[in-house]
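Asker: These two chains come separately, so use the hints to put the complex back together.
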Amino acid sequence: MKLIDLEQLSLQQAATALRQRDFSSFELVTALLEAIHRRQGELNAYTWVDEQDALAQAEAADAALAAGRAGALLGVPLVIKDNISVAGQPCTCASRILDGYRAPFDATAIERLRSAGALFVGRANMDEFALGSTTEASCYGPSRNPAAPGRVTGGSSGGSAAAVAGGIALGALGSDTGGSIRQPASFCGCVGLKPSYGRISRFGAVACASSLDQIGPITRTVRDAALLLGVMAGPDTRDSTSVDQPVPDYVAGCEGGVRGLRLGLPRDYFAEGNDPEVTACVRRLADRCRDAGAEIVEVGLPHTRYAVATYYIIMTAEVSANLARFDGVRYGARADDPQSPEDLYCRTRAACFGSEVKRRILLGTYVLSSGYYDAYYLRALKARTLIRRDFEQAFAGCDALLAPVSPTPAYPAGMGQADPLALYLGDSYTVAASLAGICGLSLPCGTTAAGLPVGLQVLGPAFAEDRMLRVAAACEELHARERGGRP
Amino acid sequence: MKYDVVIGLEVHVQLKTVSKMFCGCGTQAGAEPNTQICPVCLGYPGTLPAINGEAVRLGAIAGMLLDSEIARCSKFDRKSYFYPDVSKNYQITQYPHPICIGGHLDITVGGAARRIGITRIHLEEDVAKSVHHATFSGVDFNRCGVALIELVTEPELRAPAEAVAFLQALRQTLVYAEVGECNLEQGNMRCDANISLRPAGAERLGTKIEIKNLNSFKAVQAALEHEIVRQADLLNAGGVILQETRRWNADAGVTESMRGKENAHDYRYFPDPDLLPVVLSAEQIAEWRATLPERPAARRARLAAEYGLPPYDAEVLAAERPVADFFEAVARRCGNGKAASNWIMTEVLRLLAESGTGIEACALTPEALGDLIALVGRGTINQPTAKALLPELFSRGGDPAALVRARGLGQVGDAHVIAEWVETALADNPGPVADYLAGKQAAAGYLVGQVMKLSRGKADPKQVGALVARGLEARRGGESGSGAAQAPGVVL
Chain A
36 MKLIDLEQLS LQQAATALRQ RDFSSFELVT ALLEAIHRRQ GELNAYTWVD
86 EQDALAQAEA ADAALAAGRA GALLGVPLVI KDNISVAGQP CTCASRILDG
136 YRAPFDATAI ERLRSAGALF VGRANMDEFA LGSTTEASCY GPSRNPAAPG
186 RVTGGSSGGS AAAVAGGIAL GALGSDTGGS IRQPASFCGC VGLKPSYGRI
236 SRFGAVACAS SLDQIGPITR TVRDAALLLG VMAGPDTRDS TSVDQPVPDY
286 VAGCEGGVRG LRLGLPRDYF AEGNDPEVTA CVRRLADRCR DAGAEIVEVG
336 LPHTRYAVAT YYIIMTAEVS ANLARFDGVR YGARADDPQS PEDLYCRTRA
386 ACFGSEVKRR ILLGTYVLSS GYYDAYYLRA LKARTLIRRD FEQAFAGCDA
436 LLAPVSPTPA YPAGMGQADP LALYLGDSYT VAASLAGICG LSLPCGTTAA
486 GLPVGLQVLG PAFAEDRMLR VAAACEELHA RERGGRP
Chain B
-8 MKYDVVIGLE VHVQLKTVSK MFCGCGTQAG AEPNTQICPV CLGYPGTLPA
42 INGEAVRLGA IAGMLLDSEI ARCSKFDRKS YFYPDVSKNY QITQYPHPIC
92 IGGHLDITVG GAARRIGITR IHLEEDVAKS VHHATFSGVD FNRCGVALIE
142 LVTEPELRAP AEAVAFLQAL RQTLVYAEVG ECNLEQGNMR CDANISLRPA
192 GAERLGTKIE IKNLNSFKAV QAALEHEIVR QADLLNAGGV ILQETRRWNA
242 DAGVTESMRG KENAHDYRYF PDPDLLPVVL SAEQIAEWRA TLPERPAARR
292 ARLAAEYGLP PYDAEVLAAE RPVADFFEAV ARRCGNGKAA SNWIMTEVLR
342 LLAESGTGIE ACALTPEALG DLIALVGRGT INQPTAKALL PELFSRGGDP
392 AALVRARGLG QVGDAHVIAE WVETALADNP GPVADYLAGK QAAAGYLVGQ
442 VMKLSRGKAD PKQVGALVAR GLEARRGGES GSGAAQAPGV VL
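Heads up: the protein sequence lines correspond to chains A and B, in order.
For any residue, its number in the numbering used here is found by taking its place in the first sequence, counting from 1, and adding 35.
Here the numbering used here is used: position 223 in the second sequence is 214, and no number is missing along the way.
This is chain B alone, in the form it adopts within the complex (with noise of 0.2 Å):
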């Protein structure tokens, strides 16, 4: 039987906030355990919790970005359920009044574009994290009460892939605005995964499942690919779903029951009569839209209109903000768009990934970039030369045109020096000249190289090139009638 795919996500992103979400605790990862705590996150007796303004304001932030409607009105709740990470053994969240309601974000599979609808964004703590040991269990109260996003998408996505993009187009979208870090592997953005199957063609929804524990985006990947088959299998063989909670076994490669509706949670959900109603004032959402950096996909589309990029180029740079950022930094001090994405996309990035720094964390700067392009662009210096400067530039940063003048590195473009060494490096060496005469064009590249090399890197590669072609098909002349008539004709 052909199945129908229903899926829907519950997104959980760490708010990029200097403190946690109702007091004053630092949120710094990997610090020591328990450091980072305080009698408020403790839920010590009598103490209360006080709202992070930034929290709200980033919550809203993630809302305009995702085109939900941003509640002028939104309540915080208590969530009642024993655990020893809940501090308070109740979480503070918003269940009927969340921040944002609403909203949608466009992503594209294999080609094919999809808006997949979001139901709604709220506001929340986050808990502590439980560490167990041999005899004994650990809890480190560090990552309790920092401030989160929950955003539950609604049941549009129809395949493990679209569910995968959803998530990397939300991530590119809130790391683009600094709303969070947004990494699985980090736990910063953490994903839970319902997934239903339907006979195919019906309109009636499955069965959901839900399925935890999925910290990578292959794990989102590969737990819904096993859940679907799970499924299918179980549906084919006359079984049915039964509503329950899985965990994501990713050592096994599959889905493992974790808890079944008679056995879930009753979270007493009420009003928190310990906090305001969040009000937010027109002035101040229209305020916070006015700050809204340009998202991901208007910005693909504005780098390939504005500076005449393919849509690869457009959509590699455009992936991350400041390397966009750079990238128009650059073009703007060079003068073409072209050479800067090209510079970017072959040589910067890769120095990034073999130095693992970020672009704003190098040497580097776009200025430096623009001015090394313009360089070559005005024939100042050659383009090995420029590649061979970047390194350094990469590295240590500092001034191409003084470089260039302190190192004497202009190019030669004088035809009859350059004449010159074309001269000493064919008669040098015969034999490539001979292999070339005999129809071997390779040759030709390595006389060009020797004659660089004579110039140290200077000469103006494309008038070698051409005195080097000139040079051969001279000595072609002087050796006719030795059986060279059947070589191919040059072109260079």
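Just chain A, with the same shape it has in the complex (with noise of 0.2 Å):
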């Protein structure tokens, strides 16, 4: 067996020394499983592994390599988080309502990534439905974050971004709503990449918010972000929300560097109540661009302060709707011996049901009541294209912004069970770009004096995927060459 070093292997390092018989994808695919058997206890970052599965995968992916087959990942194992549906895998969404359940068909995103010719060895641990940002929520039991003991991975895919960070991944799909993917890699210290709604198709992906999901990557670089973001991008006929717009040559579109474009500072990011430390980092990078040749512009973001509540007043509503369907009557968990329908309803769902879900829930039912509609969903609606407008209007001036993913490093374990609504405020720098459907991508900038990593967010305008790419992969080189090193 040879020496393959998972901590540091790319998805591109990887594809290309399987394209040239370096190792096979069975020995790529079986060191993992050990690398997984080894750190997955204290990770807990996988919800399901079927090794026999994996490494059939493997052997089939080998003789396609054999027989001199072409694929973008032919042979590379990915980790999805377990609301992605892979055919014939569980999809539980962490949670017990769907003990049991297999999905029946691929997601289209899963679909192009096996069509790419990439592996799928296991489901990546989440909060419950997507609903959290911590991974606690989880019905697993919690992620651990590998970069800092005693801190929460971020949510919700807080297992896609602990796997890939801890060295028991090369890459993950995770599904972001409200910074779901960016989060927990900026946490954890990886890439995390949310496209604009509508650019990878949600078919598959069981919905928390439909009008802000977005399956995306988390990866070690953001190169690698870039290759699985092509694969999945592109219209598909199942999702009516997926957009039609070229999708250009997203890794070749990482060139370029920063020299001449201007990036702009959303002033309203770096607020009073920012970890200093959190600020510092992103500023220092802010400045390596300027050195490298970009403008730094301050821009205003005046409605970000009304993003936390239009999010969760929108996300709550959806969700109400959308999770209504897990009533044990098709698939899934059931109550025994129901004597009614309600009655099987009630039981299953308040048996099966983690109390942030439930939570969500009764919020959600709660602004779409007759009554109360238009104050709260209706009011959202209108705040939301005020949020929208603030990102055109900064992007009529600059190409890209730079701002923190979160303003805080990684919660202390725990810190959410007292106070939700702390973590709901958490979300302030990410939630403002799902409700307005552009891009974002969270890659590391620093670490805090106690050692928690940093995460640097890019935010692109719509369907401006490669600018943002651009920047993102600029950032990194400049960050990876102030600690003195390549990434």
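Incorrect hints may have been included.
[Stated by the list, open to error] Straight-line alpha carbon distances no greater than 27 Å define the calculated DSS-like cross-link-like pairs of lysine-lysine that follow:
1. B:70 x B:209
2. A:417 x B:70
3. B:209 x B:120
4. B:203 x B:252
5. B:66 x A:417
6. B:444 x B:378
7. B:449 x B:329
8. B:70 x A:393
9. B:7 x B:329
To be clear, the hints were calculated from the coordinates, so they are not data collected in a lab.
Answerer: Now the structure itself:
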């Protein structure tokens, strides 16, 4: 067995090595499974792994490689967040209510990755139904942050981020509704990309809030994120909200640097309440960009202060309807010996949904109720329009925005139990981009004195992923240079 | 106390689409339970709806037929309620922005014409069907997700008979344009009725009661009649009507309370974020409008005018589009609208009813019937021969002219030949001849029949009648003075 450095290997390197027969897919997957064995107990990043199936997929990939078949990801293993359907695999959304359920079909994004040769070796832990920002609200128990013991991974795609950062996955898929890719990537110290709304088909991703959800990659490098995005992006007849916009070569788009670009710092994202070390890390990298020839300007996003309230009304409203289908009638868990349909619903949902899920269903039901709709939901839609306009105006004056992902580094474990609202406010700098439908990416930009990773958020206009990736790749290189090495 | 009755209807019509409203599943009726299902219509986690364009077209066509305004932009909403037959526990429907706004339909009841306003028509998906067994219930999802329109009328119907007339006219109109099959009994048209009473002449509407489970025209009529009596009795006794939903129990012939206003659902409607608005361009709407078939009322009027048919004939022939199409083809072929109408209304419709087939499915082509009528018109065959040929043409098809030639069925019009048959018949039947001469005119008909029999049906009936009369009168002359003087003068 050749030595494979799973801690460092990028998806691009793995794909190249497989093509060049430096090692086989079987060897790579075997090494990965061993690493999972070693570290899963500590990280709890996976909810499910089928070793036999993973090795069988690897053997098939090796045969395809031997037969000279091409594929950007041929033989490369990925871990998929447990709310994205892979045919034949569980898709529990980390909820007891989907106990025993296996997806009968591939999500469109999975279908495209599969065509490119990717392997699906396991399912990643998450907050139940992607409702949370710590991955503590999982029926499988919390994932743990490989970079910072005693701290949460962030969430909801915490299992994906922990696996990638912890050396037990080369790349992962997550889903982002209000920061669920960007924030855990930031907390764990990896790259997380939330595409523009409509860039990747949502078909097969279990809906949390349909007008906000996007599938996206969590990887070790910006170019890996670009690679996965390029495979998955593009319109899909099965998702009416997917958009028919050209899909450029995102990896090639990562070249070019920031010279001549105008980058905005939204002053509303550098508020008093921020952890000063977070602000300092982000500003330092912005300075490096200026040194590299970018123009740095301050911009306003004046409706930022309404973003969290707006987000929690729209998101919970959609959640309350989207999660109604989990009733014990057709799939998943169900209460024993129901006396009536109502009895079946009540006992199944009471027993199988966690408290955060119940809280959001109740909030969403309330804001859509007759007599409250206009006061909450309709006003939230208006506020959403204002937030979208903020970004349109900001992007009229600059090419991309640089901002913190979260006001703080990773929370201490258990913090949200006592004060859920504190966690909601921690979403301040990610939810606005989701409401506006623009693209965003988180990449490491330093660590606090205590060694906690800090993420830089690069925001781009809708469907300007190529420009956002160019800035992000430049920032990645500037940060690496600062640390005295290459990424 | 006298009351005015106010009725409004909510009608669901299943659209005639090959696949469901939001997925590719089939819509065939009568399939084995749960064989026309997929992850999308079952509401599996991660699935998304995709709009069926044909359903949108048919919804717009329905609106055009009813003079609705077709919305350039309509939207889908989620209507949330928990029930096992709603796979997602919300139904996708259209709430504030339906595809068709306004409109009307003209009806005639007891000779009086009325125009009934239509509030709206919207698109939605059907729900599944619960099947209850002794110790458990099952759900058949075949129907779940099938494309429907829901049409809501203004509260402008004043009597049960008007409600039924409206439904019949609606059905005729939509079937004409092949929007739906509209069969209440089969459930592909369903109706809920809202009814209220108010003191005669009063302006303010009374409290309305919604009646469900009306699955035949008879049920609509009976349930509304029952409800009028029930509400009037209640009001006369000093009672108050409370807004509620009631269910028609056809067996007991009564409506029964289902739920009161306090238990009404809060459906928590909101725009479905999975679907984009349905945007129709003016060009698209115009293109669809150009394909609209003639409406039943217009066709009735045209058939009467163009072919000189009495109103009753025009109504019967125009009732169903395939029959009307068939009639016009026959009329064009034989050049005689009235004869074509007579043949279809008496013979063809009877044969269709007896065989239980549709006019498109039977072997009789409009060309064959047209030719048959033309053969009679030209005197090549007589009417009885034509009638005798029809069942065969109906069940097996064929060319009438060829059949007539092959079987030698051509009419005999030679007066000498017919006179010989008449003489034989009169000589062979002295009894009826005597009866006739004794004043029993019906005996002449019998003798005509005997002549036709001798001719094996081929004699020209007109000539036979005249020659039998002449022969009989000749015999009367020979018996003068036998007391037949009081026999009535014979005019044949």
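Asker: Output the numbers, in ascending order, of every earlier hint that fails for this structure.
Answerer: 1 and 9
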